[in-house]
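Asker: Turn these sequences into a full structure, and let the hints guide you.
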Amino acid sequence: MRRRIEKLIVFFCLFAVWQIIYRLEIWPPYLFPSPSDVFEALRAGFSDRTFLIGMGISMRRIAIGYGISIVLGLLLGLLIAMNDFLENTIGSLVLSLQSLPSICWLPLAVLWFGLSENAILFVVIMGSLLAVTINTESGVRNVPKIYMLAGRNLGANGSRLFLHVLLPASLPYLISGLKQGWAFAWRSLISGEMIFVSLGLGHLLMMGRDLNDMSQVLAVMGLIMFLGYVVDRVFFVNVERHIRSRWGFAPTS
Amino acid sequence: MNDPSDISRMKPAAFELPQFAELRAPKLRVAGVSRKFDTPNGSSVTALEHISFEVRPGELLCIVGPSGCGKSTLLSLMAGLDKPSAGEIFLDGHRVDGPGTGLSVIFQELGLFPWLTVLQNVEFGLKMKGMERAERRKRAMEFLRLVHLSAFESSYIHQLSGGMKQRVALARSLATAPDVLFMDEPFAALDAQTRDLMHEELERVWKETGQTIVFVTHNVREAARLGDRIMLLTFRPGRVKSVFPVILERPRHLEDADLAMTAREVLAQLKEEINKAVEEEYRHAAKD
Chain S
1 MRRRIEKLIV
11 FFCLFAVWQI
21 IYRLEIWPPY
31 LFPSPSDVFE
41 ALRAGFSDRT
51 FLIGMGISMR
61 RIAIGYGISI
71 VLGLLLGLLI
81 AMNDFLENTI
91 GSLVLSLQSL
101 PSICWLPLAV
111 LWFGLSENAI
121 LFVVIMGSLL
131 AVTINTESGV
141 RNVPKIYMLA
151 GRNLGANGSR
161 LFLHVLLPAS
171 LPYLISGLKQ
181 GWAFAWRSLI
191 SGEMIFVSLG
201 LGHLLMMGRD
211 LNDMSQVLAV
221 MGLIMFLGYV
231 VDRVFFVNVE
241 RHIRSRWGFA
251 PTS
Chain F
1001 MNDPSDISRM
1011 KPAAFELPQF
1021 AELRAPKLRV
1031 AGVSRKFDTP
1041 NGSSVTALEH
1051 ISFEVRPGEL
1061 LCIVGPSGCG
1071 KSTLLSLMAG
1081 LDKPSAGEIF
1091 LDGHRVDGPG
1101 TGLSVIFQEL
1111 GLFPWLTVLQ
1121 NVEFGLKMKG
1131 MERAERRKRA
1141 MEFLRLVHLS
1151 AFESSYIHQL
1161 SGGMKQRVAL
1171 ARSLATAPDV
1181 LFMDEPFAAL
1191 DAQTRDLMHE
1201 ELERVWKETG
1211 QTIVFVTHNV
1221 REAARLGDRI
1231 MLLTFRPGRV
1241 KSVFPVILER
1251 PRHLEDADLA
1261 MTAREVLAQL
1271 KEEINKAVEE
1281 EYRHAAKD
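Chains as they are written, first to last, in my numbering: chain S, 1 to 253; chain F, 1001 to 1288.
Hints should not be assumed to be uniformly reliable.
Claimed, not checked - With a straight-line cut-off of 25 angstroms between C-alpha atoms, the simulated DSS-like cross-links for lysine-lysine are: (1) Lys145(S) / Lys1271(F); (2) Lys1083(F) / Lys1241(F); (3) Lys1276(F) / Lys145(S); (4) Lys1127(F) / Lys145(S); (5) Lys1138(F) / Lys145(S); (6) Lys1241(F) / Lys1138(F).
Said to hold, decoys possible - Stretch by stretch, here's where chain S covers chain F in the computed footprint (C-beta under 8 angstroms, at least three residues): (7) 1104-1111; (8) 1193-1203.
Source of the hints: derived by calculation from the structure; they are not laboratory data.
Note that beta-carbon positions come from the ideal geometry of N, C-alpha and C, so glycine has one too.
Answerer: Structure representation (structure tokens):
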């Protein structure tokens, strides 16, 4: 409760400072809108449904792109973890590709797919696939040997050892991989949407820029932040907490 | 096990008496087993050499030796987790050549599954055997009752104390009805009081189930407290140095004078091996 009050007070102060700077009229209002301007832009965006449509389109894209990343990332991670040859070859390739910011895939995607839905999906997938893959691989590799020994000793082998021991034992890692993958996917999606009339949140952001409408830019930024935060905090943090409390430990990274 | 030529099936009643145990067909027979390991620099180290002994049905055999005598290696071999370089191991007259549910191991780290409840942990082996849900639940509950943990069926592993975890591991292994249960220094990490309790618990459960147990430890008093016989291994390479029958009445207590006498006898021989180990360590240290 006390921490919540602290938060509220600090946030309130930040808004007050914002309002004060606005009042000082250092910059013109179209470059530095007041908090109420931004709120108004938010309200207008929702009332003419552009924000709702934008959110819907962006969420649909991320559902597809992130979904594909999860499936491919889990499979690839498992394969790499279980095969020394793949780990030596594809594994190190994945690690080096991971250092590439996902926006670097954009020129390539545009050349291959044109200014299309697929170009955006491609960027989203390339942005999040590797994070999921790497975490899956390290998760599977870090499963304590004793679980595998015990499982085998109790008669599990082959696919059952995989399904009943390896998979649940690496779940804490898999979840953090999915969480990281989500964060990357979300960032890639917004940057990808900025490049053409894609109608998503990234596009709304660029539209604000084109119209010299700073309050719309800030309103959309707030929306992007809010959606990312909700999925990260409400979904992943709760799932992680549940797993940690059941496992009785915080998984080491 | 149901081999009709098995002579233990035709035994007269007197065969069942413990004093005739050595007349019964052995449960597990280790015949001339050696195990060599290759070292990175091309040479090889002999961990175990010409080991032969038998484990009798229903017996609790303790294996004692200095650190580095290959106790754990021997146990992995017997449990089918590792293959001997020479020699053979027979379970009920059949050669052991791989892990099977007939050979159950409780490792020192236990390896209980934190993602499962206590009951699900005990059910695990039965599930892998393909036992039906209702049946395995019933059987798992029986074994939880045996180790006095019925009240904790839906707890998770991290919520249990060290001793309770030991009992879950015991129930989990026993539920699969193994031919032989191997225990690799399971109580080494427990505090003294919990260990005393676990000794009582293991002795009681062993009596109630008639389970054949091979118990590996470096603690001589623990071996004298639990074992029907104590087998002492030499320092590298591990050989059978001697076998001590422990003819003390049960339930035993660590404080018993007779038990201390037995332990002292074993310890005297163990000391020789420990000294060898220490000497070797000094020699290594001098070389470096």
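Asker: All hints, please: hold or fail.
Answerer: Status of the hints after comparison with the structure:
1. Lys145(S) / Lys1271(F): Judged against 25 angstroms, a Cα distance of about 33 angstroms means the pair is violated.
2. Lys1083(F) / Lys1241(F): The given pair, whose Cα atoms are some 22 angstroms apart, holds under the 25 angstroms limit.
3. Lys1276(F) / Lys145(S): violated (32 angstroms)
4. Lys1127(F) / Lys145(S): This hinted pair holds, its Cα atoms lying about 21 angstroms apart.
5. Lys1138(F) / Lys145(S): violated (30 angstroms)
6. Lys1241(F) / Lys1138(F): Answer violated: Lys1241(F) to Lys1138(F) is near 44 angstroms, above 25 angstroms.
7. 1104-1111: Three-residue rule met by the stretch 1104-1111 of chain F, so holds; n is 6.
8. 1193-1203: violated (count 0)
Hints 1, 3, 5, 6, 8 from the earlier list are contradicted by this structure; the remaining hints agree with it.
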